[in-house]
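Colleague: Below are the chains, spelled out letter by letter.
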Amino acid sequence: MTNPLALIIEDDQKLATIFAEALKTVDFETEIIEDGSTALIRVAETTPAIIVLDLHLPNVSGRDVLHHIRTNSRLTKTRVILATADSLLAENLRTEADLVLLKPISFGQLRDLAARFRPKE
Amino acid sequence: MNALGKNEQILTSGHIYDPEGRLVADVYQEKIYSLETDPLGQRLVNSDTTIFEWRFGQLVAGRAVMVGDQRLGAISVGLPTEPLQAKVTAVRNQGLTIALATAIIGGLLALLLSRSITGPLQKLVQATQRIAKGDLTQEIDVAKGNNELAMLGTAMERMRADLYELYMGLGQQVTERAQALQESEARFHHVISSISDHIYMSKLTKDGKHINQYVSPNVQPLTGYPWETIMADAGFWPAAIIHPDDQAIAADQLGRFKRGQNSTTEYRIIQADGNIIWVRDSGRVEKDHVSQSITIYGVVSDITKHKQVEETLALARDQALKASRLKSQLLAKVSHELRTPLNAILGFTEMLEFGIYGPLSDKQQETTSEIIDSAKYLTTLVNELLDQAQLDAGKLTLDVSAFAPADLIEYVQSTVEVLAQAKGLTVTADIAANVPATLCGDPARVQQILVNLVSNAIKFTRRGTVQVRLFCPNATHWALQVSDTGSGIPAEAQSSIFEPFQQVDGSMTREHQGTGLGLSIVKQLVALMDGQITVESQIGKGSAFTVILPLQPNYEETV
Chain A
1 MTNPLALIIE DDQKLATIFA EALKTVDFET EIIEDGSTAL IRVAETTPAI IVLDLHLPNV
61 SGRDVLHHIR TNSRLTKTRV ILATADSLLA ENLRTEADLV LLKPISFGQL RDLAARFRPK
121 E
Chain B
122 MNALGKNEQI LTSGHIYDPE GRLVADVYQE KIYSLETDPL GQRLVNSDTT IFEWRFGQLV
182 AGRAVMVGDQ RLGAISVGLP TEPLQAKVTA VRNQGLTIAL ATAIIGGLLA LLLSRSITGP
242 LQKLVQATQR IAKGDLTQEI DVAKGNNELA MLGTAMERMR ADLYELYMGL GQQVTERAQA
302 LQESEARFHH VISSISDHIY MSKLTKDGKH INQYVSPNVQ PLTGYPWETI MADAGFWPAA
362 IIHPDDQAIA ADQLGRFKRG QNSTTEYRII QADGNIIWVR DSGRVEKDHV SQSITIYGVV
422 SDITKHKQVE ETLALARDQA LKASRLKSQL LAKVSHELRT PLNAILGFTE MLEFGIYGPL
482 SDKQQETTSE IIDSAKYLTT LVNELLDQAQ LDAGKLTLDV SAFAPADLIE YVQSTVEVLA
542 QAKGLTVTAD IAANVPATLC GDPARVQQIL VNLVSNAIKF TRRGTVQVRL FCPNATHWAL
602 QVSDTGSGIP AEAQSSIFEP FQQVDGSMTR EHQGTGLGLS IVKQLVALMD GQITVESQIG
662 KGSAFTVILP LQPNYEETV
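Line by line, the protein sequences give chains A and B. Residue numbering for the first sequence follows our numbering, beginning at 1 and increasing consecutively. Residue numbering for the second sequence follows our numbering, beginning at 122 and increasing consecutively.
Hints in this document: simulated from the structure, not taken from any laboratory. Honestly, I wouldn't trust all of these hints.
Restraint-style ranges between C-beta atoms, simulated for each label pair [to be verified]:
#	chain 1	residue 1	chain 2	residue 2	range
1	A	Ile-41	B	Gln-486	54 to 62 Å
2	B	Leu-540	A	Asp-64	38 to 46 Å
3	B	Asn-383	A	Asp-64	49 to 57 Å
4	A	Thr-46	B	Thr-536	51 to 59 Å
Computed list of lysine to any residue pairs in SDA-like fashion (alpha-carbon distance at most 20 Å, straight line) [as the list claims (entries may be wrong)]:
#	chain 1	residue 1	chain 2	residue 2
5	A	Lys-24	B	Met-650
6	B	Lys-497	A	Glu-45
7	B	Lys-497	A	Lys-24
All residues carry an ideal CB built from backbone N, CA and C; glycine is no exception.
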């Protein structure tokens with residue numbers, strides 16, 4: 001039995017590590033992606049249960065990545081957690097994401113929320 | 122004959138002629154010596170009528186003596202002219218006397234008549250002419266009596282007197298009016314010249330002509346052009362007076378006047394000496410529907426100083442706005458940039474605390490907790506700064522959705538639990554029965570307000586309880602109230618605590634750290650939600666903050 005996949009799309013390595021650790025504690029398989037273009041490739045190839053998405057990404061913006069996820073019919077069950085420091089941008093994308101978290105995002109907070117999004121077996 | 126001639130001497134001559142016209146007998150001669158025919162005798166014999174002739178100073182009358190058809194001769198008598206002349210003279214003298222008497226009597230009569238009729242009539246005529254010429258001063262004294270002329274004269278005199286009285290009265294009135302008018306005009310001029318504005322009255326005729334009807338003298342100091350030049354101009358102004366860049370503005374205003382609209386506009390004019398000033402031209406139009414003309418009553422004021430002040434103010438305002446915008450941008454940027462490292466500190470410390478890297482000793486546990494508390498506090502500060510920056514920039518918007526008051530209370534209690542426990546305080550919460558199970562609003566911002574108020578209450582209360590109450594004060598509003606048993610807020614400070622960077626006193630600030638923006642942000646958020654916040658407090662007894670928010674009328678539909 002493999003754990004559900006969580007994609008952590010975040011260009012800040014430290015935050016990516018924290019997010020990954022939080023998700024691992026609630027039994028997610030985690031993969032860290034540090035730029036937008038790689039994110040698009042991985043989103044097209046995989047079916048993650050959760051995507052933690054930063055909005056400020058190199059190459060392709062988080063916004064465009066979000067748009068790709070939302071227009072991909074295979075990913076209708078994928079929960080998207082926006083992680084951003086830009087509250088204004090977050091407001092605008094609130095309807096497209098499942099959850100918007102304003103940085104700083106607490107380890108415990110992310111862990112608890114991710115646990116709720118974990119697909120039931 | 123003899124008898125006639127001699128005795129009476131009535132006749133001066135008496136002649137008898139034979140049928141041939143020869144004198145045969147003469148009253149005054151015994152003998153006739155002439156045998157020749159007398160021409161008169163011949164004519165008399167041959168005439169059928171009596172012949173009268175003046176002969177030798179006498180009137181001779183003679184005729185033929187006829188018996189049947191036979192002419193027997195002729196007779197003539199002479200009448201002396203003296204008695205006749207005497208008679209004539211007598212008759213003439215008599216006639217002259219009569220004529221003279223008649224003339225005298227006539228003259229007297231005429232005089233009498235002229236006295237009684239012509240004179241008065243003449244007087245009346247003269248009086249009428251005088252009146253016609255406007256002279257009402259002379260009395261009409263025609264005649265006394267009971268005749269028509271006298272009556273006419275009396276009537277005319279009465280009329281004249283009335284007219285004169287009326288005229289004098291009118292004259293008085295006219296004089297008074299003229300005086301009043303003069304005074305009014307003088308006052309008007311005084312007023313007009315004492316104000317620096319230029320006042321005009323212009324007429325736009327149906328065929329597009331422009332006539333300046335009044336131009337106040339102030340136009341000269343205003344424009345530098347002589348009054349006469351402006352007055353005589355076929356437009357409001359000579360075209361060259363309006364600044365080239367503002368010609369369109371002035372033309373637009375004229376267009377509005379022509380359409381019968383009032384208009385106030387501002388443009389620059391170039392004074393005669395080349396100096397440029399700003400004026401405000403404010404005109405009110407009156408349309409004459411009969412002549413289809415438009416009269417404009419306008420005031421032109423020099424607003425150069427206003428403009429300069431305005432420009433200075435606008436510049437200052439622009440600079441201030443720019444500075445404020447920069448400040449907001451800086452705050453947003455700073456707080457944004459602070460979040461990422463803050464997130465790393467918080468995240469890694471939490472990882473440690475959670476035991477990801479192995480179990481911690483008590484001291485290590487305590488230390489990580491301190492780090493987490495500080496990081497969270499720093500997060501609050503950053504959030505407040507960002508909120509304030511967004512409020513300043515008008516960028517903070519509400520995200521309205523339905524939420525349950527119970528969830529709100531639960532979230533707040535869980536958030537402040539640790540803080541309250543650390544101070545040994547109890548936080549109680551109560552939701553009144555009249556509060557709907559679902560409310561509508563921005564749940565995140567309502568949470569923020571409540572957390573802020575409760576955190577404050579905990580901060581300023583040393584012992585006792587902090588109470589949270591939700592209730593509906595009326596049918597259209599709901600309220601959240603946070604009361605504590607803390608130190609209380611002095612009355613004089615109650616109005617200023619909602620101002621940014623205000624705390625009751627410096628010692629409090631030192632003791633209870635913070636940006637000083639908390640309550641200010643709360644108040645701004647409440648205002649953004651069309652609500653209001655009030656505070657009641659008594660020193661030593663505690664404070665109660667009440668936030669009243671409108672109930673969204675469609676809250677049930679949005680569930």
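Colleague: So which of those numbered hints doesn't the model satisfy?
Modeller: The structure breaks hints 1, 4, 5, 6 and 7; every other hint is satisfied.
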